[in-house]
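Protein chains in written order, with this note's numbering: chain A, -12 to 267; chain B, 481 to 1197; chain C, 644 to 1055.
Worth flagging that the hints you see were computed from the coordinates, not collected in a lab.
Computed from a predicted model, the values in this text were never measured in an experiment.
Check the hints yourself; a few may be wrong.
Below are the SDA-like pairs computed for lysine to any residue, each with C-alpha atoms no more than 20 Å apart in a straight line [to be verified]:
hint : chain 1 : residue 1 : chain 2 : residue 2
1    : B       : 718       : A       : 241
2    : A       : 125       : B       : 522
3    : B       : 771       : B       : 590
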Amino acid sequence: MTQDNHGKAHKYGMVIDLDKCTGCGSCMVACMSENNVPFKENETDKKDSITWMKVFKLTNGKPFPDIDTCYLPRPCMHCGGKGDHGHSPCISVCPATATDYGYDTGIVSQIYTRCFGCRYCMGACPYHARYFNWWDPKWPDGMEEYLSPDVSPRMRGVVEKCSFCYHRYQEARDRAYHEERRDHIEEGEYQTACTQACPAGAITFGDLNNPEHEVYKLVKPDPHNCGRPREPKAFRLLERLQTNPKVYYISEREWVRKAGDNYRKGEWGKEIKVSHGKGH
Amino acid sequence: MKIDRRSFLGLGLGAAAGVAASPVTWKLTDDLSIWTQNWPWTPVPRDGEVTYDDTVCSLCPGNCGISVRKIAGRAVKIEGRSGYPVNDGGVCLHGISALQYLYDPSRVQAPMVRKGDSWKTVTWEEAITLVAEKTKTLRESGKADAVACITDNNRGTISGLCKRFLMAVGSQNFYTMDTMDKSWEMLISKIHGLNASAGFDIANSDYVLSFGTGFIEGWGSPVSNFIANSSRKERHAKLVQVEYRLSSTAAAADQWIPAKPGTEADLALAICSVMINDNLYDKGCVKKFGKEFDVFAKLVTEKYAPELVTRTTGIDASKIRSIAADFAKAKAPLAIAGRGKGDSAGSLMEFAAVHALNCLSGNINKKGGFWTIAKDEPLTWPSLEMDDVATKGYAKATIGENSSVSKLFEAVNSSENGSPVEMLMVCNANPCYNLHNAKGVQEAVKKIPFVVNISSYMDDTANLADVILPAHMFLEMSQDLYTSSGTTQRVTSLSKPIASPIFDTKHPGEAVIMIAKALEGSIASSFPWETYDECLESVTGEMWSTLSEEGFIDSGSQASEVSAMDFSLFASFKGFTMPEGDKKNYPLTLVQVDHMRLASGTFASSPFAVKTVSDSILKDSDSLVEINPETADQVGVSDGDIAFIETPVGKARVKVNLFDGIMPGVIAMTEGLGHFAGDNHYIGGKGVNVNELIGPVTDPDSGLDAAWGIRARLSRA
Amino acid sequence: MDSALIPKGARRCPFPVFATGIAVVSVVLLWGVFAMVLCWLKGLNQTNMNDYYGFALWIWADLAVIAIGGGAFFTGLLKYVFGIDELKNIINLAVVIGFICYSSALLILAIDIGQPLRGWFIFWHANVHSMLTEVAFCLSLYFSVLTIEFIPLILENRQLDKVPFFHNLSHNMHGVMAVFAATGAFLSCFHQGSLGGVAGVLYGRPFAYREGLLVWPWTFFLFTWSAAAYGPCFTLTVCKMFEGITRKKLVKDNVIHLLAKISGWMITTYIIAKIIDTIYWAGVTAPEMGFSLMDFYSDNAFYGIWILFAEIVLGGIVPAVFLTVKRFRENKKLLLVAIILGTLGVCLNRWVMVLQVMAVPVMSFDTWALYIPSWQEVATTILPVAYGVILISLAYRYLPMFPQEQELYDSK
C-alpha cells in the first residue's frame, strides 16, 4: 500500500481559473507541440480543426457596454461517467475498445492503432473534445524534425483527443519505480504540457484523490458525490449530465458559472439535485 | 446425385470450415490492418536521448527564457524556463511555436539576387561583393548619405553593428521601428529631464489604470504581464481599463471604462482635475519636484472638469470622480498607456496626460509605481574610423525627419527626381508590412534602386528586395538581448544557438561585418572582428563572463532619481487631431486591435498560432471586422456578410463580425494578418493587413507616427 | 434473348428495353462507386462531415434502410412463426428488399468508417458495452440469415432449378426456413433495437438520451417496434411500384390489405408508445438535464417544432388511421398515401435520431451545427438505391418473386 494517495488510485484532474485565463492560446500551442498535432493550410473551419485543448470565448449576451466575455479552455474532461465508475460517455460506446478508462489514473485513453474511425465516441461527447483525422497528417518538408517520439503521430481515419499528456505520466511513473518510490509520483513530476506552459498560471493539475495536491485544495472534490466541487466558486461543465468530468473551473463571475451548465428559466440559484446515479 | 438434408448440412459446414481453415484470408486481413497502422507516409519520429538546452526567445521584446527539449540532438519542443526572471516557466504561444520558424522549409535558404521578376541563388561571396560594390559606388559618387538602414530596435550588437556600418559609410539614415518605448523615453526626457526608459511596476501596484493598453494581450513583456495580472486575484489589486472595445484586457479588468476613441487624454486630465480640486494628489511630491504646477492645475480644472469631459469621452462625471477617488486612495496606483501591444508610438500628449496621473499620485520610483530606469549603454564599442567621405556624408541631415521611419518612406515617395535613398538595408525588420500605409511603403521600396534585406523569411519586405542575405533564426545564433519594455526589471541575456544552421544562412551581424570587410579601408578597419561571436564577446566587455556562464544578468530595477516634474509641459502638448478623412464620406472609425495569438511585429505568426485564431477574426482568407450590431444595422450589413471597408488610404474585402463589445460607430480590425510569406501558405495570404488601410499621422509633439485608426466606411459587397 | 431464364409463363419486357433500363441505372451506380472509391482512397475528407457532425447522412441512410428493410424479418416472423400463410405471396419480395437493404447498410458502414481495413476490429476487439458492437454482430449474422433466405428463391430460377442438386438444395432449405426466420426475427429485434440504442444511450446528448429498461434505453424498443411496424409499409410501397411500372397486378389485394392492416395496428401501438416516450422525455428526462423542449427546436435555421409534428402526426398518426380503418385501407389512393407517409415517417424518425442529435448544442456557449452533405456522400447514398433497383429488377425478371403473378394474369 502506497502512502501518497491513501491507498486509493490516482485520479488526475485539472482546475482552470477562468479569472486568470487571458485567452492567450499558449495552452493550445503547447498541447499541439507536445502531442504532434498536425496543422493544415486552412484551419479556419473550427469544426474540422484538431485542437485537443480548445479555448472557447463566452459572452454574457448583453449589449454594449454591459457585455462581458470570458475565455474557457477545454481539454478532454476525462469523465468518470455516471456514478464515476469509469463509464464515460465515449468509452461505453466505442465498439472496438479503442478508448479505455485507466482505473489507476482516471485518464481516458485513446488507442489510435485500434480505432477504426466509426466516430461514435465523437457523437457521444458533449464537449466536442474528440477530433477525427479527416486528412492524412502532413508536415512541410523538414518540419517532421520537431516531432516527438513520445506521442505517435496519428494516421488518417482515426479519432484523437487530449490524453492529459499520458506519456508524461508514464515517464514519471517509470522514474518513480526506477528510484524505488513505487508509484509515489510527486505533484510536480507529472504535469501536462498546457499546465506547464500557461503563462498566467491559470491551470493547475494534480491528483484529485490527494488532499495535499493543489487541485484538491482548490475545489475540494466531494468523494461521496462523484467528485462534485465543494468549493462554491468552482464548477464542472454540464454537471447535470452526470458525466462527472475531472476538469474543474473556477470563476468569481456568476454568469460564467451559470454558463457552465444548462438551466431552465428560474432554475439558476436554486438547489438542483443531480442524482449522480449508479449508472449502468 | 441425391442430396438429403444431412449431406446438405455436411457440405455447407465443410465448405465453411475449409475457407475458415485456409490461412490466406486471415493472414491477408491481418496484414492489411497492420499496414494501416504503419502507413509509410505517416512519420515515425526518431527516439533518442533527451536533453534540454536553455536560451532566450527574441521573437518579441519580452525576451523570455526558454528551454529547448532535444531528442538525440534534434530540437522537438520549446518550454518556458523555470526560474528565469522574466517569465519563470511560462511561455507564450509564439515562443512555443519557434521550432516551426526554425524548420520552416520556406525560409530563405541561400543568398538570393533579384533578376527581373525572379530570384537567382548566389554564393555568399557573390552577394556580399554585390552589396559592397553598390555601397562603394555610392560613396565614390558622394552619395554616402543615400544609404539607409532599418532595424527593428536599437538595442544590442546586431543593430549596433548596423548603425556602426552606416556611420563608417557616412550616413545618419539609421532608423528603427517606432514603439511606445520611444514615446515614453521622449516624455521622460521632457518632463523629468532624464535619459531613462519607462518602467511599470504592475506586479506590485494595487490599482492599475490602463488607457487602452493590451496589458494581457502582448503589451510590454507579455508573459511577465500575464503573471502580474494573475497575481491580482491574490493581491486584491484592481485593474481598470479605458478602452472603446471590450478587449481581453477590458474583460479581465475589474472595471471597464469605454471612453470614445481618441479621448483618453481628456479622461486622464479630467481625473487629474478631480484629484487637484479635491486635494487628492501627493502635495509633498508636487511641491518638491513640480515646476509650474499652478499653470497645469489651472488648465485642467478649467478645461477638463469632469462635467465638460463627459461630453467628449462619453463617461459620466460621477464615474470620473469615483475613478479619481479610487486612484488617489490606492496605496500604489499606476497609470499606464500605449495602445494594444504598444508597438506603435502613440500620442505623446496622451502619454503625458496619463503620466500626469502618476506624477500627481507621487508614486514614482516606488514599489508598484512608475519607474524611470537608468539607460546606460551596456556595450563598449571600439573607436570608429571615418574617412572623408564618411565624415561628409554623416554631416548631412536624415532623409526622414526626426529619424522617423515613416517620414523616410514619405520622402522617397514624394521625391520627384528619383529616390533620395539609393540603397536601403533592412535587417530583422519588415517595414513593408508593419508601417502604416503599408502599400505606400511598398511603393517607396520599389522606387529605391537597391534594397538589401537581411532576413530569415521571404516576407513582405524581402519580396521587394534586390538582394536577400539569409539570416539565422534566433535558435541558430548567439545574440545579446535586453528586456526592457513595460516592466521595471532590466534583464540582459545571451541567447545561444541550440541548433546548427539548417540552411546556408549567416548571423545577421556577421553579414554586416562581411560587407564592411569587403569595403576595405576605414570601413573594414572599423570592424576588426573575424566573426560576430568575437565581436559579441568583445563589445559586451565585463558582462561577457556572466552572460556566457549564467546566460543572463538580472539588474533588477535601477531608477534614475527624479528631481524635476515640469508640469508646464503637460499643458504645452498640442496633441493631434483625429485620424484623417472626413466624417461625411467616412462616417465610421476604423481602429486596429492587437491580439495575443497573432504576432504583430517583424515575424508573421507560426502555423500553430494561426491555427488558434478564432473564426471571428479570420475565416478562410477573409479578415473579419468587428462592428456593433447597432452600427451594422445602420450600415446595412449583417453577421457573416462580405463587405468592403474603405478608408482614405485603401480599400479591402472583409467579412462582418457582429460584436456587442465594440463601441457603436467604431470598426475594429485585427493586426497581424495579410502577410506575404513566400511559399508558406500556412501563414501567408491570410486576411488583410490593417496597416494597408491606415495612414501614418505625425504627432506634432514627438514627430513620430502616432496613428491608431482612421475614418472609414463599410458597405456590403 | 434471355427468355430461357425468365420464369415459365411470365411476361417480361423485351430484353433490349430491360437492358437499357439497367444501363441507365448502372450509370448512377457507377457514379456512386466512383464516389465510394474516392472515399476509400482519399479518406473521409471527401465528405462534409466534421468534428461536430461525426455521424451524418450515411448513418441516417443506414438506420433508414434497416428500418424499411424491417419488412423482411417481420413478414418472415408472421409467416413462419405465427403461421399467417397468405403472406407467402409477398414474403419473397420482403426477403429481396431485406437483402438489398441490409447489404446496402453493410456497404455504407464499410465506407463510413475511417479505417475500413480495420473494420473487423469491431468483432476482434469487441466492447460488449457498445450498442454499435451489438449492431455489428446482429447485423452481420442477420445478413447471413437473409442470404440463406434469399438462396432458395435464386435456386428457383428456371435454369438453376433444372440442376437436381440445386433443386434439392432449394427444397431442403425451404424445409428449414422456419428456423432461420425465427433466428432472423430474434436477431432483428436486437439489431433494430441496438440501432435505437445507438442514440438512446448517449447521456451526453440530452436530445437523444432516453431512460429505459435494464441496459436498453426506450429507443431500443421503439426502434424494433417501428421497424416491424413500418417495414411492411415499404414492402407494400415497392410492391405498388412494381405493379405500377409493370402495369400488372402481382399480389392479391387480400394479401396487401392483410399486411397493411397488421402494419396499421403496429404503427398505432408504436406511435402511442412514441408519444408517451416524447412526453416523458420532454417533461422529465430533458428538464433534469436543464433543457426545455423548445431548446431543441429553436435558434436555428432548420430544426423547428415542425419536424416533431411531421414525424408523429404525418408519419405516425395519419398512416396509423388510414391503415387500421378498413374503409381507408381498401381505398387504393389512401392506402398508397398511408404506406408512403409511413415509409417517410420512419425515415424522418431515423433522421431526427441521427442528424438532429448532432445538430443540437449541449454546452450553453456552443452553437447549432448544421451540415450539408458533399456530392460524394450523396452519390454513395444513392449507390445502394441504384444497386437495389438493379438487383430487384433482375430478381423480378428471372425469379418467381410473386407467386400469384401467373394466377392473377390468368384471371384477368
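Is the Cα-Cα distance between residue 771 (chain B) and residue 590 (chain B) 20 Å or less?
-> Given that 20 Å is the threshold and the Cα spacing comes to 58 Å, the pair is violated.
Given the hinted pair residue 718 (chain B) and residue 241 (chain A), is their alpha-carbon gap at most 20 Å?
-> With a Cα-Cα distance of about 19 Å, the restraint between residue 718 (chain B) and residue 241 (chain A) holds, given a limit of 20 Å.
Would you mind confirming whether the straight-line C-alpha gap from residue 125 (chain A) to residue 522 (chain B) stays at or under 20 Å?
-> holds, 8 Å
This entry does not satisfy hint 3, going by the numbered hints stated previously; all others are met.
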